[in-house]
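Asker: So you can see what is in the structure, the chains are spelled out below.
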Amino acid sequence: MLKVEEQQPVAFSAALLEKCAEIVSRYPEGKHKSALLPILHEVQAELGWLSANAMDKVAEYLNIQPIEVYEVASFYTMYFLKPQGKYMLEICRTGPCCLVGAEKLMDHLEQTLGVKEGEVTPDGLFSWRGVECLAACGYGPVLQIGPEYTFYENLDKQKLDDLIQDLRKK
Amino acid sequence: MARKLLLEHINVPGINTLDVYRQKGGYRAVEKALKTLTPDEVVEEVKKSGLRGRGGAGFPTGMKWSFLAKPEGVPRYLVCNADESEPGTFKDRYLMTHIPHALIEGMIVSSFALGANTSYIYVRGEMMPQIRILERAIAEAKQAGFLGKNILGTGYDLELYVQPGGGAYICGEETALLESLEGKRGNPRIKPPFPAIAGLYGCPTVVNNVESIAATVPIINDGGEEYAKIGIGRSTGTKLISASGNLVRPGVYEIELGLPVEEFIYSDEYCGGIANGKRLKATVAGGSSVPVLPANLTLKLANGDPRLMSYESLSEGGFATGTMMGSGGFIAFDEDQCIVRNTWNFARFYHHESCGQCSPCREGTGWMEKVLHRIEYGHGKMSDIDLLVDVSKNIEGNTICPLGDAAAWPVASAIRHFRDEFEWHVKEPVKSLDTNYGLANYAEPIAKAAITE
Ligand SMILES: Cc1cc2nc3c(=O)[nH]c(=O)nc-3n(C[C@H](O)[C@H](O)[C@H](O)COP(=O)(O)O)c2cc1C
Ligand code: SF4
Ligand code: FES
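Protein sequences, first through last, are from chains A and B. This note's numbering applies: residue 1 is where the first sequence begins, and numbers increase by one. This note's numbering applies: residue 1001 is where the second sequence begins, and numbers increase by one.
To be clear, the hints were calculated from the coordinates, so they are not data collected in a lab. Hints are supplied without guarantee of correctness; some may be wrong.
Stated by the list, open to error - In silico negatives: residues of chain B with every beta carbon more than 10 angstroms from chain A:
id: 1; residue: Gly1014
id: 2; residue: Asn1016
id: 3; residue: Gly1025
id: 4; residue: Ala1139
id: 5; residue: Gly1145
id: 6; residue: Ala1168
id: 7; residue: Arg1185
id: 8; residue: Ile1230
id: 9; residue: Ile1385
id: 10; residue: Asp1390
id: 11; residue: Pro1445
Claimed, not checked - Stretch by stretch, here's where chain B covers chain A in the computed footprint (C-beta under 8 angstroms, at least three residues):
id: 12; stretch: 24-32
id: 13; stretch: 95-101
Unchecked claim - Derived coverage of chain A by chain B (criterion: at least 3 residues anywhere in the stretch with Cβ under 8 angstroms from a Cβ of chain B; other residues may be distant):
id: 14; stretch: 10-16
id: 15; stretch: 51-60
id: 16; stretch: 113-125
id: 17; stretch: 162-169
Here the structure is a predicted model, which is why all the values come from computation and not from measurement. All residues carry an ideal CB built from backbone N, CA and C; glycine is no exception.
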């Protein structure tokens, strides 16, 4: 079973329900399970992560078994099964980016934020992790921040520090 | 200047909008195909063009289309593979970001050819900005009557949707992609049946790469025969190459197939040489899954002739002295890069991305990562090097999908060509932690490198 660290009751907002209905309409009659991945993205964008309650709600909405949602949410890397910082900084750690300094930048990120990969800063603002190739290898090192997946290319320490400063001020 | 078919207008301001795209001749292929050609004639043009799949396998697109089953009363699907996650590859993201209508136009023409009335573009979930760009472009095209019911009054209907993935390299494999599109884990299916018979929702389906689909636009505009005149031999047309690593100008380039590799790396029209005045040590020419080659074998074939950027020339010499075109992800390593470290990095990637269905892949990628890690960090034994070769051989060919091979080849080829560097790591565990084996003899005339194996 999934480890659940928070148990909040979950209700979908009217806007979210409308979005979900639009998503379901993209597939043929009876094939609404196809909506699962896109709906999980929407739910995560609204709630920040996918609690068991949130996933149960999605299962109920799509009229599928909760396990069908859990197994999908745990297979893909983009879904968070525990709460993250407000800003999850994801830096590419794959070969081509490492040729142009991604590893040093990850060390720098760890020092600057003062937390290890996957942990949340005490103020709840930041978490960070290495992710695999983001299809921007010619512009490395690169970093993305969900839920909008804003993208930053050709990073160095200075640009990374500036970015973190900007986010703190927001 | 080489001919550009996909990126000709990439720098035109506003080319991402329908208006500007049309001013530059956009959507002519849709008009031509839907109004003057039958679906079979479109397939015929694509066959004549000699276009080969740009997603990695290089299978002829027209032939793939002609395998599509057409049972009466059963819907058929076209699914575009925009999952682009092969390390070193970033051309599809580039195309979708800057000239999204090229893909939309290609989807309309291709869907028409296949008789599909609903088509999906499966985009990796991390590309949210590109997903929004595509959705906007689709809305524009629909507004202008290129999508929806009775397109241009021809009676042909097409709905086009963008589907986000959830973050998993394996979903680039076409049957894993279909599973994912059905709302499931991305576990590749056992084949047969092939998607052409039973694909999405069990219906006949074609899965094609973004670039393959976009290439149908110039093929229809100019005719398949014109397209086939570009390139060399069975490598026809132009190809997008993603260039990364230690280059003066990394980026996406459209080349005419047949361009000498040396020209691609060193000429100012393309990558402009190795960054910071350093020398080339090695390349991975077609995305992380293809064999790595030392500099000398990158530039020349074993017989000393220049190597070209074409499917045939890149694979000339088999795995002993050649590599593969793959997805066109060209990664350059300068003299200061460590082959062992990069091999470990790639092994870690494949271990992380294995879906876990087959034990040789699930366990083997883990072992390779572990053994490479200990060699890189100074705890390796001489016997580890052969152990790696052994593990890679036991994965290769023994799995449901080609990810197993893709994980095995980089390791096997690194040891084939750079064994001395692996041995140095074992012999000099402390020194290798903060210094590098360097260029060694990897750029020397090839007679030497050719006799390994
Ligand atoms: C592990 C793995 C990952 C793949 N990733 C991609 C990908 O990201 N994009 C792609 O177009 N093809 C990818 N492919 C190839 C597809 O399975 C398929 O051959 C391709 O989409 C067919 O399109 P094409 O004929 O137009 O090249 C991958 C294959 C494997 C085995
Ligand atoms: S080879 Fe690897 S990725 Fe492919 S099906 Fe088997 S375990 Fe999954
Ligand atoms: S390796 Fe970092 S984006 Fe591809």
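Asker: Which hints from the list above does the structure break, by number from lowest to highest?
Answerer: 6, 7, 14, 15, 16, 17
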